[in-house]
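Each chain is listed here by its residues.
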Amino acid sequence: MGLGALLERVLSSFLTARFPSAAELFRRADRLRHEGRYREAIRLVDEGLRRTPDSATGHLLAGYLHLAVREVQPAREAFQNALTVDPNHPRALLGLARIAIEGGDPDAGRSALERALLYHPDFPEARVLEKMLAVRGAVQSNLAGAPTRPVRPGGIRLAREGRDPILARLDGSVVFAQCDEDQKPVLAQHVTQVVRIASATLARAGLGALRRGIIEGAQASTYLQTDVGLVLALTLPSGTSIADGWSALGRLWADKAKAATESGG
Amino acid sequence: MADRRVPSGKAGPEAGEALHLGGPPPPSRAQQVREILGKLGQLAGVRGGLIVTPDGFVITADLPPPISAEELAALGATLGRELELGMDRLARGTFRTAFFSTDGGAIFLGGSPIGFVILLGDAGAEPAAVSPALQEAVARLEGFWKVQ
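Protein chains in written order, with my numbering: chain G, 1 to 265; chain D, 266 to 413.
Treat the hints as calculated values from the structure; they're not laboratory data.
Values in this document were obtained by computation on a predicted structure and should not be read as measured data.
All residues carry an ideal CB built from backbone N, CA and C; glycine is no exception.
Be aware that one or more of the hints could be misleading.
Unchecked claim - Quick list of simulated restraints, FRET-style, between CB atoms:
1. G/Gln-219 with D/Glu-407: 17 to 25 Å
2. D/Ala-295 with G/Ser-173: 45 to 53 Å
3. D/Glu-401 with G/Ser-241: 13 to 21 Å
4. D/Gly-303 with G/Glu-8: 27 to 35 Å
5. G/Glu-40 with D/Gln-307: 43 to 51 Å
6. G/Ser-241 with D/Gln-296: 16 to 24 Å
7. D/Ala-356 with G/Asp-105: 54 to 62 Å
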């Protein structure tokens with residue numbers, strides 16, 4: 001190698017290290033992302049996007065990283081920016097679909113997924129989420145207009161320390177609930193959404209239909225049971241033994257069935 | 266087929282970015298992550314599992330065939346986010362773990378700032394045994410991930 005070529009190589013390495021290209025910044029950001037260093041990665045992506053604002057890859061990576069740190073609005077904007085560059089970018093559409101689903105807007109989620117699948121029909125992540133939403137739609141169609149048998153609150157005996165019992169249909173409508181009035185729709189939406197997504201996940205894993213579940217939080221655990229288009233959930237203090245939790249839920253389920261029968265009779 | 270992380274179509278090449286946004290983590294860390302998942306896989310009744318970021322990217326997976334890691338990650342991350350958001354909306358504290366069972370098996374899900382650990386179990390997988398181990402694994406994952 002001649003002296004000129006050697007100098008050129010050294011200078012190039014120096015410049016790359018001191019003034020990395022946008023592509024290099026995105027590569028570094030992606031490495032940081034794999035290490036869970038999301039904030040540092042975001043800074044590099046921002047820097048890269050200042051240099052190449054029209055990089056769909058940069059915007060996409062920004063979207064992933066903002067989702068990773070649970071910053072929904074910046075993630076949404078990043079995916080939308082990617083779509084400005086490439087209007088049918090399947091990954092950006094998937095990102096927007098995820099945001100719509102977790103924001104409780106399944107119609108917008110379905111629309112984004114359909115658009116992604118139109119151009120990339122063999123896109124497993126989009127396909128599986130679309131199927132999940134299709135099941136949700138079918139449940140709503142089947143239940144729409146079906147009579148809801150009222151359950152008298154007096155017919156329910158709560159376990160000591162149990163709270164926020166709710167019996168809901170899988171379309172999110174409440175059959176019975178004992179909690180603050182303004183919390184009822186939030187609780188119903190959450191419980192039924194969990195059942196829908198968990199059901200889809202279990203089905204995809206080849207494990208069959210969801211029967212029971214426990215959601216453990218730092219302050220409380222929610223026990224749930226589902227059957228014949230209904231979900232029953234009860235919240236108990238954190239630290240309650242699983243056996244006691246199932247037992248309390250079992251008693252509530254039996255009471256619910258009894259109360260429903262009495263109300264219908 | 267849509268690539269796992271490299272944008273399809275013209276966007277990537279036009280920007281001059283041969284970027285593999287789904288490449289493996291550095292070996293040492295990847296090895297540690299695999300070990301965590303491998304250890305969980307040894308619990309009674311656990312058939313396999315995966316670790317995913319909140320946006321559904323598969324960090325590592327060890328699943329029995331023919332289960333697709335990408336599909337399970339997409340659903341698992343969606344479920345994990347719903348659990349996180351629901352706990353927050355209902356003021357029930359930080360989401361820790363969840364367990365969902367069928368007549369023939371179960372899934373377990375542990376949450377962390379990094380993402381979600383998802384395990385598949387058969388009918389013999391006991392939540393009383395798996396959930397504490399899952400919480401421990403999540404704590405370990407967070408611990409070494411924070412080391413810069």
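For which of the previously enumerated hints does the structure constitute a violation, in increasing order of number? Per hint list: 4, 5, 6, 7 violated.
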